[in-house]
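Trainee: Which chain is which? The protein sequence lines are A and B, in order. Numbering follows numbering that gives the first Met the number 0, in which position 53 of the first sequence is assigned residue number 52; successive positions increment by one, without gaps. Numbering follows numbering that gives the first Met the number 0, in which position 70 of the second sequence is assigned residue number 69; successive positions increment by one, without gaps.
All the pointers check out, no bait thrown in.
For each label pair, taking beta carbons as the anchor points, the in silico distance ranges come out as:
#	chain 1	residue 1	chain 2	residue 2	range
1	B	LYS436	A	SER199	55 to 63 Å
2	A	ASP329	B	LYS92	44 to 52 Å
3	B	GLU168	A	ILE227	32 to 40 Å
4	A	ARG71	B	LYS12	52 to 60 Å
5	A	ILE227	B	ASP186	52 to 60 Å
6	A	GLU186	B	LYS386	46 to 54 Å
7	B	ARG71	A	ASP264	53 to 61 Å
These aren't lab readings, by the way, just hints derived from the structure by calculation. Yeah, the Cβ is synthetic: ideal placement off N, Cα and C, and Gly gets one too.
Each chain is listed here by its residues.
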Amino acid sequence: MSNFSAWDWKPGSRVVADLSARAADYEWREEPIASPDGESVACIVKQPDAGFTVLVNDEFWEQEFEKAWYLRHAPDGRLTCLVMSEDEWTVAVDGQPWESRFGFAWSTVFAPKSSAIGVAVQLDGKYGMAVDDQPWEQMYENANNWLLSDDGSHSAAAVQVKSLGQADIDTFAKGVFSAAIDGEAWEQNFVSVWSLAFNSDSSRLAAEVRLSQYEYTIAVDGKPWEQIFQSVWAPCFNPTSGGVVAPARMGGKWFLCEDGRKLWDKPFTQLWSQKFSPGGERLAAIVATGLGHWTVAVDGQPWEQSFNGVVMDLTFSPNGRSLACMGKDDNAWWVMVDGQRWCGGYDRAFPPQFSPDGKHCAVRLDRGGRYSLCVDGKVYSEDFDMLWDPTFGPESDRILIRAIKDGKYLRRVASLGDILG
Amino acid sequence: MTKPLTQTDKWRKVEDAGLDRGAARLTPERIEKVINEVIDKETSIRFQAYMRDCVRCGLCAEGCHYFLSRDRDPSYSPVAKMHQTAWEMVRRKGKVSAEFVRNAVQLAHTECNLCRRCLHYCPFGIDTAYVMGIVRRIGNRLGVTPQYIQDTANSHSATMNQMWVKEDEWIDSLKWQEDEARDEFPDLRIPLEKEGAEIMYSVIAPEPKFRTQLIYQAAAIFHEAGMDYTFPATPGWDNSDMAMFVGNNEIMGRLKRLHFETAQRLRVKRIVMGECGHAFRSVYDVGNRWLGWRDSPIEIVHGVQFYHELLTSGRIQVETQIEDLVTFHDPCNIIRGRGLMEQGREVAKAFCKNYIEMTPNREHNLCCAAGGGVINCGPPFKETRVKGNRAKAEQLKATGAKIVIAPCHNCHGGLEDIIHAYHLDMKLMFLGDIIYKHMKKTKAV
Numbered sequence: 000m001s002n003f004s005a006w007d008w009k010p011g012s013r014v015v016a017d018l019s020a021r022a023a024d025y026e027w028r029e030e031p032i033a034s035p036d037g038e039s040v041a042c043i044v045k046q047p048d049a050g051f052t053v054l055v056n057d058e059f060w061e062q063e064f065e066k067a068w069y070l071r072h073a074p075d076g077r078l079t080c081l082v083m084s085e086d087e088w089t090v091a092v093d094g095q096p097w098e099s100r101f102g103f104a105w106s107t108v109f110a111p112k113s114s115a116i117g118v119a120v121q122l123d124g125k126y127g128m129a130v131d132d133q134p135w136e137q138m139y140e141n142a143n144n145w146l147l148s149d150d151g152s153h154s155a156a157a158v159q160v161k162s163l164g165q166a167d168i169d170t171f172a173k174g175v176f177s178a179a180i181d182g183e184a185w186e187q188n189f190v191s192v193w194s195l196a197f198n199s200d201s202s203r204l205a206a207e208v209r210l211s212q213y214e215y216t217i218a219v220d221g222k223p224w225e226q227i228f229q230s231v232w233a234p235c236f237n238p239t240s241g242g243v244v245a246p247a248r249m250g251g252k253w254f255l256c257e258d259g260r261k262l263w264d265k266p267f268t269q270l271w272s273q274k275f276s277p278g279g280e281r282l283a284a285i286v287a288t289g290l291g292h293w294t295v296a297v298d299g300q301p302w303e304q305s306f307n308g309v310v311m312d313l314t315f316s317p318n319g320r321s322l323a324c325m326g327k328d329d330n331a332w333w334v335m336v337d338g339q340r341w342c343g344g345y346d347r348a349f350p351p352q353f354s355p356d357g358k359h360c361a362v363r364l365d366r367g368g369r370y371s372l373c374v375d376g377k378v379y380s381e382d383f384d385m386l387w388d389p390t391f392g393p394e395s396d397r398i399l400i401r402a403i404k405d406g407k408y409l410r411r412v413a414s415l416g417d418i419l420g
Numbered sequence: 000m001t002k003p004l005t006q007t008d009k010w011r012k013v014e015d016a017g018l019d020r021g022a023a024r025l026t027p028e029r030i031e032k033v034i035n036e037v038i039d040k041e042t043s044i045r046f047q048a049y050m051r052d053c054v055r056c057g058l059c060a061e062g063c064h065y066f067l068s069r070d071r072d073p074s075y076s077p078v079a080k081m082h083q084t085a086w087e088m089v090r091r092k093g094k095v096s097a098e099f100v101r102n103a104v105q106l107a108h109t110e111c112n113l114c115r116r117c118l119h120y121c122p123f124g125i126d127t128a129y130v131m132g133i134v135r136r137i138g139n140r141l142g143v144t145p146q147y148i149q150d151t152a153n154s155h156s157a158t159m160n161q162m163w164v165k166e167d168e169w170i171d172s173l174k175w176q177e178d179e180a181r182d183e184f185p186d187l188r189i190p191l192e193k194e195g196a197e198i199m200y201s202v203i204a205p206e207p208k209f210r211t212q213l214i215y216q217a218a219a220i221f222h223e224a225g226m227d228y229t230f231p232a233t234p235g236w237d238n239s240d241m242a243m244f245v246g247n248n249e250i251m252g253r254l255k256r257l258h259f260e261t262a263q264r265l266r267v268k269r270i271v272m273g274e275c276g277h278a279f280r281s282v283y284d285v286g287n288r289w290l291g292w293r294d295s296p297i298e299i300v301h302g303v304q305f306y307h308e309l310l311t312s313g314r315i316q317v318e319t320q321i322e323d324l325v326t327f328h329d330p331c332n333i334i335r336g337r338g339l340m341e342q343g344r345e346v347a348k349a350f351c352k353n354y355i356e357m358t359p360n361r362e363h364n365l366c367c368a369a370g371g372g373v374i375n376c377g378p379p380f381k382e383t384r385v386k387g388n389r390a391k392a393e394q395l396k397a398t399g400a401k402i403v404i405a406p407c408h409n410c411h412g413g414l415e416d417i418i419h420a421y422h423l424d425m426k427l428m429f430l431g432d433i434i435y436k437h438m439k440k441t442k443a444v
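For reference, chain B alone in the conformation it holds in the complex:
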């Protein structure tokens, strides 16, 4: 694993205002100072161990969809990505060029989904995703981050949500969906600011912005199941966290604190969150710990767990089943990160007559190529994503399925592009989609 450092090859470099303008402002002194500050003061023995213990065996390569999809080009292997970024920064004690920083940040943001699949292939348990996160953090502290994902981080800090949704727009979206839903369920409410409810339901900002039908569906499911829940009317309703993925831990902490404190202000017993993977990672693994919590300060339940609970407790019942062949995509952050694979499958199988597994599956399933903030890097990197996941297209195609269930927003974004680009005749659905369509609706007109 010595050769190809093709990361600086022109064919791989993508123009991006955030990267290019950010790098243009750098000085050698600043680069050296920030790199050494982050490595010396912000990383721990974990980072040092990863830098020290990797023997460059290359077994991790088989874990990476970019490597598999790029004709097994070794430069796409996780070990090579570490070599092309963090190792050089450490080896040169921060004396790297602005061009090097720019390209390292591009790589860390767009050629690694932080999906942690490679971790399963490493004999030493080296977490390349952690190392790439450090590279992103260095880039962000230097002001070198892809433009579109930086814009979402800016949105988080300005509005406390990812999509620049203003406070009235959030409330108005809920009121609008309540109105819509009353045509189907005449006494349906979307409770706002209900103190003492059992559950606070939180979503990611793209739901009110682009996918309001998901709020409608969730409200219908909550209503049918007779759940005692509320939405907050204040910032803190968005559980998403692109600040985590750009490495801005300070904004990440601010977001997570507001999310948890909003739930505590409403005195709910638990937070149920929609079908999103990265937000789950942020509340159970990353943002919570940056703030000083060992776990989350309030019980957090992912949508997959919640739907499983509703189904197995009999609160919702199956009315009809999907006839088409269906498969299930395992989102990294809820499966590799939290082990919800069986719960998701049980719900899917209850509503689907014909089910087929992808191969491989569960914690070995291939990433969607959109998570880890990669899809949030925006249009300039779409081709990188799509070409970087031919392996996923082949995996999907081999199932012959007509429907893919993916209980994660980023997975939807990524798989949609894969399905379109590789001309797969498939439809994407959330678990909420199938439950809403196929559950018994005893309270509907």
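Next comes chain A alone, as it looks inside the complex:
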């Protein structure tokens, strides 16, 4: 993770790159992406009568490739791209391709608290992961649900450990899937394995598993819970107790369970995306209290405000005191913080961002095809052709705005006072 305190937080605005400046040097340009610190903007470009490369501000990567896609910044700011040369795929990081080559590479994954870069790979018809240029030693018939632990020390995926003939429903029913950590599969097989989750120190792995056609539970480190459910959704680890928390369906209703037992007594029509506050004191989840009544429940109690469309992007403030989400009503998006709706609705709203002190919340918005920013319910005076998610400064008094306007990419640090008035 890059040290964002060291970024340039001096208030002011500057044009970092004119996106049309080198237009004569390429046939077309794909969607630009801004670096986390706002200092660069990059895009994949097709060069005239040649291959693809990446343009960063006004500099091209030295190498060009037959194909290139999925341009993404790692949390530490390095720029990654999936590239193909001579029919082989790999990952290029800041223009430098890995040495390993694959039949295919996709789904780049990052560890939020380390510099590790992982990617799903296929090699000679077998599937697994490669992390920092090192593919798993053991590869599988098929694999999915790719994951890196927070500290990047381990990778995991759901893997198919046995071959399956066409329409072989009997073998499938016996269980040919498992979870693999760093390429090594759990001993027990399951009918299905989905939604893997590491705990905070990467020592444990949990997953949704299907024991038979209609028997679901959670497996932790390869061992399923004793309790069986009608269905389950993705588990997460309780940072305080170390237990595993997951939604489970019983009697046609959804409950939140910990280690197989009911954690919240109240049942819901739907319950998913549970999330602990950073310190683990509070637990929230997206719930439906009835058909088409979506809201958030905190420690088992649903907020009064609900939405008929959807609720998503549940986000705790760093101090855990505030909780924000996006909600959709009649095709318009609203921001809801601590159970109260901000003025809305918008054509689109993106994930909420809290200030480090947890006192402010900012959201990127789309209104009629123009992007703007909303901070604590107040919409910024200017709109943009394109805008990335805002980032609060370390003192919580400034916001980094990364935007494109009139063909120019600009980096702006605005004071909160100027935005809120």
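Chain B: place on chain A using the hints.
Mentor: What follows is chain B alone, placed relative to chain A:
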């Protein structure tokens, strides 16, 4: 409507590993437990009302292509199908034999397309398709489901798509089609994972597996129309749902959640889906509601609606028209289910100089005999399908058309078999086929 319970007749029974092996594993206790669990705990007043209110008048028979095609054999009427399956299960309080379950499941899977045409003929509005869905659910919970469709449901749970398409194969198919299309449109892109695009385009898994030209055509149409769209590179790209048709609601919900959340992750404003009927039913009617949504959480636009929108807004224009006589087949799930009949016709007529209607048409049109998961039951049941839809062959033949437009994949599969088996001199097309061939291509070389 008392007599013929010919469902157990040997001539009608088809060997199938999923049905036969599944039934062999059953015990009377398990059968009774599962039937009563499903009926008592999973069905609602709707099921009870259907069981109670049907007066066995038999008017529904005229609605069923199996009845019409099988010389009006009463055992093929919807009321008889309910009699031979759900009614007996209820009447005997689940005390039915393994053989009974096996045959009931075969019937519910292969002699009813869940097309809901009979609903239009019932004076009480009884939805036989719903009842047959409950029978399929009971069968699936008992482990008795035709082998091939169970395999697609397994594929859904393992890969989140219907055809065991692996993640790299999906992406590679799109990259391949992009390469192909650049010969015709030099600056064409098939955008992948474009966050904030207006549209996420989703297809069913047979497109990358068998019909990649449809992806090419869609990309060409999007490109010509100047649309801001993306494909997802992750599972969730497949909108199809055979889990719905085997009655595995839990896997159905998982699929639909992933489909909708993929679109939400990409922050698109709406999902446009290709020309498929059952997938549309799953997103607007069934899977969405199992998850707790009253409607879909993100706007869903069927291919027929989308093409109509492109045409009427002038984003695509007609360059040439088909001279041959053309007719239009109304897929159950988008016509009876969602009323898109006029939009489909308007697009078809814009590109076709000579157009003729089938009789009957629109919501009264006969089913293709492939939908409802019936074609997915695979080769063992092909004859059941084809013989069960002589009525459709006669309907098609009477038009004299040389081209049939069917904006649904299952309809294509079913009608292709009908056309071949009954020696009809006709060609099948999607709306996308005719638009791609006959639109103005201002950006092509």
